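Enquirer: The two chains are supplied separately, each in an independent frame; assemble them into the complex guided by the hints.
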Amino acid sequence: MTSGTISAQITDYANRADPYPLYAELRKTPVLREDDGTYLVSTYYEVRNLANDPRLSNDTSNRPSGYARPGQPAEETGLPPGFIFTDPPVHDRLRDTVNRPFGPPHSPRFLDDLRGELTKVVTELLDAFEGKDQADIVEDFAYPLPVTAICKVLGVPRGDEPLFHGWADALASSLDPHPGDDGQEKGQRARQELGAYLSDLIETKRRHPGPGILSALTPDMTPADLAATAVLLLVAGHETTVNAITNTTLTLLRHPDILERFQKEPDLAVPLIEEVLRYEPPVQFVTWTTALADIDVAGTTIPKGSPVWLMLAAANRDPRRFEDPDRFDPDREDNEHLGFYTGIHYCFGAPLARIELHLAVPELFRRVKFSGLLEDPPPYRANAVLRGPRHLPVAIDGLTP
Amino acid sequence: MSADTDVEVLRRQGRIVVVGASLAGLRAAETLREKGFRGSLTMIGDEPYEPYDRPPLSKQALLGRARPEDTALPRRRDIDADWRLGVAAAALDRNAKLVRLANGDTVPYDRLLITTGTRARPWFHPEEAGLDGVFVLRTRGDSARLCRKLAGGVSRVLVIGAGFTGSEVASACRELGLEVTVAERGPAPLVGALGGVIGAVADRLQRRHGVDLRCGISVTALEGDDVGRLRRAHLSDGSAIDVEVAVASLGAMRNTEWLAGSGVAAGSRGVACDAGCRVFDVNGIVTDDIYAAGDVARSPHPLFDYQFLALEHWGNAVEQAEIAAHNMICAGPERRPHLWLPMFWSSQFGVNIKSVGVPSLGDRLVVAQGTLAEERFVAVYGYRGRVIAAASFDGAKWLGFYEQQIATGAPFPPEYRTVDRRTEALEPVDPDFPDPHLPTHGATVTLTGHSPSERRVVFVPSHA
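Chains as they are written, first to last, in this note's numbering: chain A, 1 to 401; chain B, 1001 to 1464.
Chain B extracted, bound-state conformation (with noise of 0.2 angstroms):
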């Protein structure tokens, strides 16, 4: 049997299974179906709901815009699949091509698509973390329970991390006249993911907006009241605050465990993959069966040195949901590769932030149009004299044309004269993004790298 006519019999009766069910895994499920896959097509998910939207959650459902139940993604179509909500994904048997859930059942596959995503990452002391008013912000349950609190009355939030979502949260928060201390362990809000001189201005906006920021700061512990409320937090320089909200926003943890002993590479920084969302063993050989897709999966990405890249961003998960269903049900010289470029975006405290490339890679930076001071610019981030990335403040209908300029490898810094450039020539600064040793909460891309001084055995087979 020839691989074409494997291809049209897994087309016609074959098995996909999705392990996963948010915004990656629908669409691939919904971009199987429109490319004419006609077999069995089951959806696994750990939520109970059905799969929902997330950056609302920490934006219009916090100022009660949107109801955290109401966001539910659009369907593009109907893709008549089996639904396992509300149970999760135990264990991958590859031998036998099937997966085990929590409650013992096993689901049998011939394709089996990753994009079990990420998780808030927790507050460190589990018991502390159980406090009533200590919380997390990822899923629609979280931000209903935190609606619920907010709405009840509260008179000082405290934030840890000025990550996005820490930023996102704080801005709510405020706008919903409420006191918020945000402690930061770097030193600005939204360093890891910009760095230092943007970040800067990060630091002027949130104070500006009369958040009580305090960088350079961890919370060292959070304590609660005889009957379990929190009360009041302690931090790293001797001080204590009293709150009674506190919302971890400490960046996200992927959901791999479940696939330990499984053979296939995953671990804390995602499934590694090929370009072409098909996963790799511990080996480094590439399987042909199960593929990834959305904040869980990380590929080389050639425009940034092939470093394997993981992504948390809404459009990348997307994008390479639709590759990897496509790829799935292809046969090889069909196949497309996922070379989408990093692009996010924020809004806080007014102001709509946005980032195309990878800001975090760059040795040099230069504000192209528009000033720091004025809070409203484009910056450019060279690396190794190309432009490899721009974030924006306010002026996000330019990245289009920086992002290409990013795809095309353009010399960096750009000499040319555009509108808004308010220096005669542009002097390159170094970026400041904190030492790598150096934990934060803030980046968004994950560098996993693959230099030869990062050449670690870190898996151990299951056989072995």
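Isolated chain A, as found in the complex (with noise of 0.2 angstroms):
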């Protein structure tokens, strides 16, 4: 058991809000053992220098009996697991072929051609504002936006979102390692079912190719490989950009100094998202890495077969390595934030998060005025891993063409 402990506390929904004092309390030391064995690393060198380690494996089958084991489906499921569980060579087989009709060097303009449908849905969005004195930027801008996306990149019809968003959202919250009495189960059967129901999906398209990387990708997969990837792609394109969206303009509210620079400085776009990205990443941590053999890391030895969590927020807020790492500063230089992760399970879907974000944050200051948040702090959703605002209502002042 792990009550009372860190990371107790880091998954304790009292805490969603504001972790970041207790992941401060965690640096104090880099590398912490749990009492059931468990090593969190929440220092920047230390998580980076792991997820560029041989000896960490994202299998968690590697786990010794009596150990969670995120990200391995249930049997019943039939379904191998996603990319992001798996090492290589299995990992960089899959993750090669997907990546084939995704991006570069084999479609460098796949994302690119997104562009123009992506910004009529922001258009769409905000034009819909019109006339409102309030919103819910999760509801109404952040949220549809990534889904659409998702849906186009896949080729999954946008009009079955009400069908898979329920198994999307328990499958992402059994990523949580404390989801509720019945969380797990609940994720596994959400895999079953989102799993039978892109498995059609791929079967459909097998016959009758569309646009989208599914289809693309029936000659060159096995349908189960295939399914569990769009299970992955699925749930990763659903739960991460929406807290994304809602993470920058949460703290772009925060800080309207850097708001009003920002609206006469569109340029500063760039480094201000990055800098969301270090300062509230949308992935908090990791707890599926384990280890494969004794690493020695900042003298303490993360024993052979033990789990690690990575806490890639902690990490992004090492003084070590960010000046005064708690000032939200889009001025910042070099700042190689862990948002993304880094090595070879670097986010897939980054460029995709970055077009989006880069297409509905500018789009949405440049058009919405905004009077201020009317709930500080929003309400957040249960998940400590996938962090982000349930909803974020907003008070707005008029809305630009």
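For the record, the hints were derived by calculation from the structure and aren't laboratory data.
In this text the structure is predicted, and so the values were computed from the model without any measurement.
Every residue gets a Cβ at the ideal spot worked out from N, C-alpha and C, and that includes glycine.
Honestly, I wouldn't trust all of these hints.
Restraint ranges, calculated between C-beta atoms of paired labels, are given here [said to hold, decoys possible]:
#1 G159/A - N1352/B: 47 to 53 angstroms
#2 D1070/B - S61/A: 48 to 54 angstroms
#3 E1179/B - S65/A: 57 to 63 angstroms
#4 P104/A - E1334/B: 42 to 48 angstroms
#5 T222/A - P1055/B: 37 to 43 angstroms
#6 R327/A - A1260/B: 54 to 60 angstroms
Listed below are the simulated SDA-like cross-link pairs for lysine to any residue, each with C-alpha atoms no more than 20 angstroms apart in a straight line [said to hold, decoys possible]:
#7 K1149/B - V1227/B
#8 K1397/B - Y346/A
#9 K1397/B - R93/A
#10 K304/A - A1410/B
#11 K1397/B - G103/A
#12 K1397/B - D96/A
Expert: This is the structure in structure tokens:
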């Protein structure tokens, strides 16, 4: 049991709105052993080095029995793990294959070609703010855009969102180390149902190819691998970018001086968005790595077989790496944050997420005149790993065409 | 006057001259300004262009994805320099503290930085080298000329030497759909840099991409037609092939001739300097006003038995330039050593090749991740029981880890389990480097040694 331990405090919902003091406490012991033998690593260089260490596995079936094995599907789902939960060579084969229709060198234009449609989505979502004096940034803006984007990328019908929304949520929640009593079970059921839905869709695409990468991948992947990949990408596309857009909005509304500057200097978008990814990363930590050998880190030996948590959000605020780390500072130079992780498991969707952020954030603040946050802190989702506001109610004072 | 006041005066009103206006020269100049040097700065370069980047010249430029003229190096800041481009430095007068230029001008200095780099080793026969169709590849001009020739319709290209540059040229030509013959004197491509075990993988890669690869073969003569165009190459096995283009990729020569007679320790192996980039004179006494950085410099490295290493690596040029610049305008205790771990990369035949450390020092090799057969792996080199280098094919993201293993002198072979380990136990093999007495073209690291058996006097003081 981990109750009373620092990991229990981090996952405790009471600390969701501001976990950063806990992370600061955690960094005092860069490599901390919990009573159950799990190791939490929280300082920048140690996290970065471990994420690039071939002795660390993302395949949780390497853990001794008795430990949680996030990412390992129950047998009845009939699905292999998504590639984020695999190691090379399986990982490299899957990721390289999936990348072929998605990014360079084979498809350098794929994401760029989505810009037009996504811009239209942003415009429509913002047009709907007309005449309102308040809005929920999550429901009205930050959630619909990434869902549309990932549907376009995969070739999943946007209209099916009510169908798969619940499954994606349940799956994301099961990544939370303490997802509630039946969270794991619900997660497995959701994976099975979402997997079945996507398998059907993939089968249809095999017979009638359409736009999107699932169609493009049907000749190159087994149905099970492709379905597992589709589950992973749909959930990841669903549950992370929404938080990135919302966190950016929240952070800017909390820093009116920087917001004012941003409205005068649109070029600030690039460093500003990177700084949000450091300051409020949408994936706060990963719980699914395991030591394959004894690993010496900062004077501590992590024994072979230990579960290892890499605390990205804590590392992003390590004062040894980032000067004055709790300050939100878009002028920060050399901002090599871990918001998208690092190493071979660096976020596959990062280029898509950046495109979405760069289409959404400047346009939001160009068009919407905000008069403040209606709740600060806003209500958060339960999930401690994929952390972000459930709602972000804001007061609005007009809309520019 | 104390040393500290000297430095203060130098920073305020000193004259710094940089000879060699390429990557190392530019980054040094920028660092000088960044660190508060307010005196005069002169940049001398024999090429007529402002500093440009070379790696794309054998890759994107040949494929037509970038124009050779468009590879100017991005500037980090304004350096407010007096540029003397298109005129080479011809001599160094240490007594008068000035550089003589080829056009007769003289440029006085308080501190001098030597970043003259290397040039391509030309085809050994001058008349044959002058044939229309015979190329080397080092400069922007070389790349532009070769591009034009390839675009003009060519049936077969001969690449002489399968080191990194030669292999990249062969790769680009194949991608352009041209027939390519590669003649390599050694037993396999890249053998000088990575050894025969990895060379065999590069060999397979080239053949699979349709290269007519001929190893253990020298080109003995290039033959022209009556109007001076290349038409045939003769090989050491007695055969001949019809070619219109030959690219001599025979490695680099260090640009040190202009230092002859100056009394600094400069020769064909480069300019010897200490870990702080201060150049030695021929007596082995360190100068305090002359510095060197980049491809032309060689300095002792503590991780490699204090061997003097000369590194033709992009990253080394940048870092050594920054260290040299820092040390030029600092007093003793603030100076920093250049402890860069050798690192280079190449991209050829769709594979990213990367190496850290000094593979050619290795006496043992294991494939720690992946397999040679899949052409996707990390090979780790050991030297006397510790990790000395690693090389990857499409595995560059792991090399940061092995870099730390090298830096901390980790034991070899690595016994721990990793991801993508294909064998239960690692069986070290001989990496199979060629006999060092045989000439090769491939090495991008030159070990120039300091062992007693090599103790030879090669410098003749000018005033003797």
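Enquirer: So, for every hint listed, does it hold in this structure?
Expert: Hints, verified against the model:
no.: 1; hint: G159/A - N1352/B: 47 to 53 angstroms; result: violated, 42 angstroms
no.: 2; hint: D1070/B - S61/A: 48 to 54 angstroms; result: holds, 50 angstroms
no.: 3; hint: E1179/B - S65/A: 57 to 63 angstroms; result: holds, 59 angstroms
no.: 4; hint: P104/A - E1334/B: 42 to 48 angstroms; result: holds, 44 angstroms
no.: 5; hint: T222/A - P1055/B: 37 to 43 angstroms; result: holds, 39 angstroms
no.: 6; hint: R327/A - A1260/B: 54 to 60 angstroms; result: holds, 56 angstroms
no.: 7; hint: K1149/B - V1227/B; result: holds, 17 angstroms
no.: 8; hint: K1397/B - Y346/A; result: holds, 10 angstroms
no.: 9; hint: K1397/B - R93/A; result: holds, 15 angstroms
no.: 10; hint: K304/A - A1410/B; result: holds, 18 angstroms
no.: 11; hint: K1397/B - G103/A; result: holds, 18 angstroms
no.: 12; hint: K1397/B - D96/A; result: holds, 14 angstroms
In summary, the one numbered hint that this structure violates is 1.
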